[in-house]
Structure formats: C-alpha cells, structure tokens
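Asks: If you read the protein sequences in the order shown, they are chains F and C.
Sequential numbering of the first sequence, starting at 1, is according to my numbering.
Sequential numbering of the second sequence, starting at 1001, is according to my numbering.
Please note that a few of the clues may not be correct.
Stated by the list, open to error - With a straight-line Cα cutoff of 25 Å, these simulated PhoX-like cross-link-like pairs (lysine-lysine) come out: (1) C:K1346 with F:K252; (2) C:K1154 with F:K47; (3) C:K1107 with C:K1305.
Claimed, not checked - Listed next, with one range per pair, are the computed distances between beta-carbon atoms: (4) C:N1274 with F:I58: 44 to 52 Å; (5) F:I58 with C:Y1298: 49 to 57 Å; (6) F:P201 with C:F1355: 31 to 39 Å; (7) C:G1103 with F:L51: 25 to 33 Å.
Stated by the list, open to error - Here are some chain C residues the structure puts well away from chain F; computed CB gaps all over 10 Å: (8) K1020; (9) K1105; (10) E1317; (11) E1357.
Since the hints were made in silico from the structure, they are not lab data.
The beta-carbon is built from N, C-alpha and C at its ideal position, and this holds for glycine as well.
Each chain is listed here by its residues.
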Amino acid sequence: MALLTLLEAINQALDQKLAEDKRVVVFGEDAGYEGGVFRVTAGLQKKYGELRVFDTPIAESTIIGSALGMAINGLLPVAEIQFDGFLFSGFNEIVTHVARFRNRSRGRYGLPMVIRFPSGGGVRALEHHSESIETFLGHIPGIKVVVPSTPYDAKGLLVSAIEDPDPVIFMEPKRIYRSGKQEVPEELYRIPIGKAKVVKPGKDVTVVAWGAMVREVEKAMKLLENDNIDVELIDLRSINPIDEETIINSVKKTGRFVVVQEAVKTYGPGAELITLVNEKAFLHLEAQPTRVTGFDITVPLPRGEHFHFVQPERIAAEIKRVAKY
Amino acid sequence: MLFKNFDPQKKKRLTILDEKGKITNPELEPKIDKDTLLKMYKTMTLARVVDIKSLQYQRQGRLLTYAPNIGQEAAQIGATATLEQKDWFSPGFRELNAFLYRGVKLKEVFLYWFGNEWGNHFDESVRVLPVNVIIGSQVSHATGLALASKIQDKKEVVLTMIGDGGTSHGEFSEGLNYAATFNAPVVCVIQNNQYAISTPRSKATKAETLAQKAVGFGIPGIQVDGNDVLAMYVATKEAVDYARAGNGPVLIEAVTYRIGPHTTSDDPTIYRSNEEVEEWKKKDPIIRFKQYLIDKKYWTEKQDKELDEENNKHVGEVFRDVEKNGHTELLDIFKYTYQDMTPQLKEQYESYRKFLEEGGK
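All chains should be built: construct the whole structure from the sequences, respecting the hints.
Replies: What follows is the structure in structure tokens.
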C-alpha cells in the first residue's frame, strides 16, 4: 500500500495494465512523451515504448475513431481526450459509432475501449476546460460512463473499464487530481462498474453526488455538524448504468432526497435520479426530491466561475431545508 | 514507380483498358490469373443484377431505401481484388461489389437494405466493417485497424472507400493525416462518381483533382480511370504493397460515374442531363472488361448469357427468402446494445415483453 493522489492512482492503473496485458495501448494529445498536460501518463512511454504509449495529432474524431478500429483489431485502447470541452470535437464518433458498433453489427464487433478525460471545473482555466458533460454522455445507449471521487476508486474503476467488453467513458475530476492522498493497494483490483458506494450511512437525508461533488458534499456535512442532520452520502460512481438499488434502498430509509451535480441544471443526471426516486420510492418520500446544480449558463471564465460552481454552503442550505421540511 | 509517373498535379490519369476493352498501355497490363479475373468479372455482373433488381423491389414497395452502384463496379472490384484475406475493408455505404468480393453474403446485403441489423453481421473471416452511413468516419476506423496491425506487426493492410463528396468531411483529412503520421497501412480509394447527391464535384472542392489532396498529407496520390478495372487493380496493388511494406497510406482517386440515383429517394433528373448520363453509359466498366476477357479467350457471349440468367434466378431466390424470414425479433433490438444488458435496459425489455405477451393491455 502506498499513499497516492487520484492522479497517481490512475497512472498506476495504466502502468500495471500496460505491464500485464500487451493489448493495452495508451494515447492522446501530448499523452506520450510529455505524459499529458496533467502528467497522468507520465513515465509510461519511456517504460512501454512509442508503439504502445504515443502522442497523436490534434484530432479528437480520429483519436476516438481510431480507438474503435484498434478495439476491433485486437487491442485494448485507452484514448485520452485532453479536456472535457474538447470531447465535443470527437463526440460524433462516440454517438454515431462507438456506442452503436456492437448493435449495428449484431454483436460481431463489441468495442473494449476506454475514453478518459479530465472533467469539470475548479482549476481556474480557460473556456472549454471546465465543463461537466456527463449529461450528454449518460444519454447515449451503448456506452458506460464512470467517474471516481477517490484514488482507491480511480484505480479500481479504471482497471474495470479497461477490462470491460463495452466502451467505457472514464471521467477524471481534475480539481481533485492532486488534492488528498489515500492508501491504494499495490496489486491490481477491480471496482464493479454500475455500483454506487455509500460513503457515509445516515438516516435523515439521502444525498447523491459523484466526482468532485462528493468532496463538496463532505464539506457541506461539516458545515451542518451542529444541526443534528444525519446525512446518508452516496457516491454514484457510475453515471450509466445507474445503481438504482442503492439509491432506492436509501430513500426508502430516509424519505428525503437531494442530488448534487456540478453540471448545468436542465435535463442533467439529477433530473434522471429524481425521476427514478419518484418512480420507485414515491410513497416513502417525506419531502419533494430536489437538486443542487450549476445554472443553465455557459461556464463562466475564472473571474465569475465561483458563482456557478456548486459551493458547500449551497449544498448545506438545501440539505437543511429538505431535512426540516 | 507508378505514383511518380502519374502525378495528378501534372494532369496524369492511369488507364490501361479503353472503352472498347482494348489495352492501351501494354507495359502496365497486370498479370492476373484466369480464376481471379473471372471472379472479378462474375462479382461485377452479380452486383449489377442485384442493383437492377433492388431498384425494382424498392419501386414495388418490397425494399425500403437502396443505394445502387451501377457504373462503379470496376472502381470497387479492381481495388478489392488486390487484398489478401487477412486485410480489412472499412466501407461507406455504396460498396456492394467490394462486399460481395470479400465474401459478404448476398443474403446479408439484402437483410441490411430490408431494414435488419443482421445484415451487418458478417462472417469474421471477411474482415469487412458494417455499412457506414455517417461519411468520413470510415477513414478514422481504417486508421485504427491499420495502427493495430502495425503495433502488433500483423502486416495487414486496410482498404477504405469514400466518395467525392466525402472528401469534404473533416474526418477524411483528419484520418488520413493521422494515418500518415504513423505510417499506418491504409489505402484510401475515393470513388469520385461526380456527385454528392445533387452537388457536383466542382462545388465540393476548388482542387483540380481529389488525388492531389494527398500532397498535403505527405503521401502518394494517383488519379485512375475508375471504370477501368485493370487500372484500378494496378494502382491499388502498388498502393497495398507500399502500405504493407511500412511506407504509410496512399490515396487513389477513381474517376467514375454513378449511373443511377444517389438512393431510391433521389431524382437525378433534377440536377443532371440525360446526355451526360448517356455519355457515361458508353464507358460502362462491365462491357469493356467483358471484351477483354473474350479477347483473352477466358469468356464467351454464351457463358455471359447463362451467367446473367443464373444471377437473376439466384438474386430473386435470395431476396424472397429475406422478404419471408428477415424480420426482427423483439429481443434483438435490446440484446446487442451491451454485451450484457444493463439493469435499466433489462427492466425496460422485461416490462415491454410482458406488455406484449398480455396482448398490449
């Protein structure tokens, strides 16, 4: 066991999968020689050579489209898109091909491939570097979408993603890449895709969050320390598939439901989860299910982004309101 | 070498077999064995019958949309015949001849156009990707297949085809540039059939030829008479050998013509004249290839007539079978989205199945 950051845990997962399985290849813009703009892939090219860890031209469509071809022809590609907002340049490939190939070919060509990218805001970056785009991705049948919130989960989920027979989008909450270390086992281990995690059991309010928002909810819970509200915090971990069971069991117990998402509000995963709660736990509800989200605006540049990003104070206020309702 | 001698920027175009089926360039005539030549010819004639009959089936309301290949047989067959079995083909959607030559079953072709995804479930050994409607992407997919070949040192070459209209798409450039950067073994054939639905080639690009786009990628490009099956074979063979040897991609522009509509939903009389179509009909790739085979004593008019009857009978039989048995099962539309259905999907399927079983109540 070693104390690792989330970023180091991802690097270790890639390193160990590259070592263990010759079919794994890692590539993207600046992902080879330099090790990526965040250094997530640092040292890997030196260790595994330019054929297996490489830089690509600035060409998101072909990065993703070529990963599709590689997955068909015997490899397990792990493609990096440099930033969340850059994914849209390659989005066509995901929606029109990657997600559909298994179905289009009636099972002839499943695509064991991973697309990973740094996700979300909070690093005071330029436009298109702070987007939470899980809504778009969660809406596409045929892909899986996961997002870790801890170093331990990051490694285990990425290993599962690489080994999954279907395409997996692996979102990396960039604002917590280096914030906080955790004991991470040296050996390879897996965290099943599609399973949420109860971070902290509680009996009063169910709060669901994912990625960096899990940390923000934890901060909010600190703010509520003297309010006598026993929060059950669930880390969703998988945008698709959704772990309905964990959420519904929790709501049946608490009767109150708050979902926290960094993404803009309308049509977001929060809306989906609230619908789920209404469909499957309606009679257990003590208060209307609710959400704390970004606003329906373009992510502001750094001088205004703090207004948009969900703050612990907003989360705490909403939890309090729902708990007292 | 061939690519140097036929520089598209010097207005050079490779031809070997003229419109009358006579060899105009004897030193370039390829040495193809009789069996292969006959396989090429028979595939072209079968595809022609499939096209003609499919247009009829569609008019009778028995097929939905269909994209015919009439006039483009040589461009596809000359290129595809150069591949080895281990090589790959990354198609667009108008590549019936290439499909059949690679070993895709006629039944599958009809299933696809009948509206059933099982028509894209080819035998693994044919190494053909499913029909690709969103044009441009097939170049990226080809690049990935080729990179995987290179990384694993498999010596497989990937052939991809795109239309003149498709060359305007970003992924055509993105994919070829990417492939070139890695010296990935991709051979890209542009079937320049003169129109992107209604838009003529002249409105798709300012470039004088499509082959010259290769210059920007730093790869060889060559323009070929796409209705000349021997010229297509020679150019593609050289390209495939070049790519297999690790030199990277080649771009081939096959100058041809779509005699039929874009698809059955299209009315080409709106945007082109009958005279133009009639001129191109004189350049029919099948007529000149047949003459070449007859001159070589590999084929006779009598055999040709028999083959045509056989083709018509066979195509009719296969289509009627698909018409009868080609319908989709409920489970099919759920089952292949993931290797295993997600819990959400399973619930949707089970609940709908139950609804139907209970008579939709």
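Asks: When the hints from earlier in the document are held up against this structure, which numbers fail?
Replies: none
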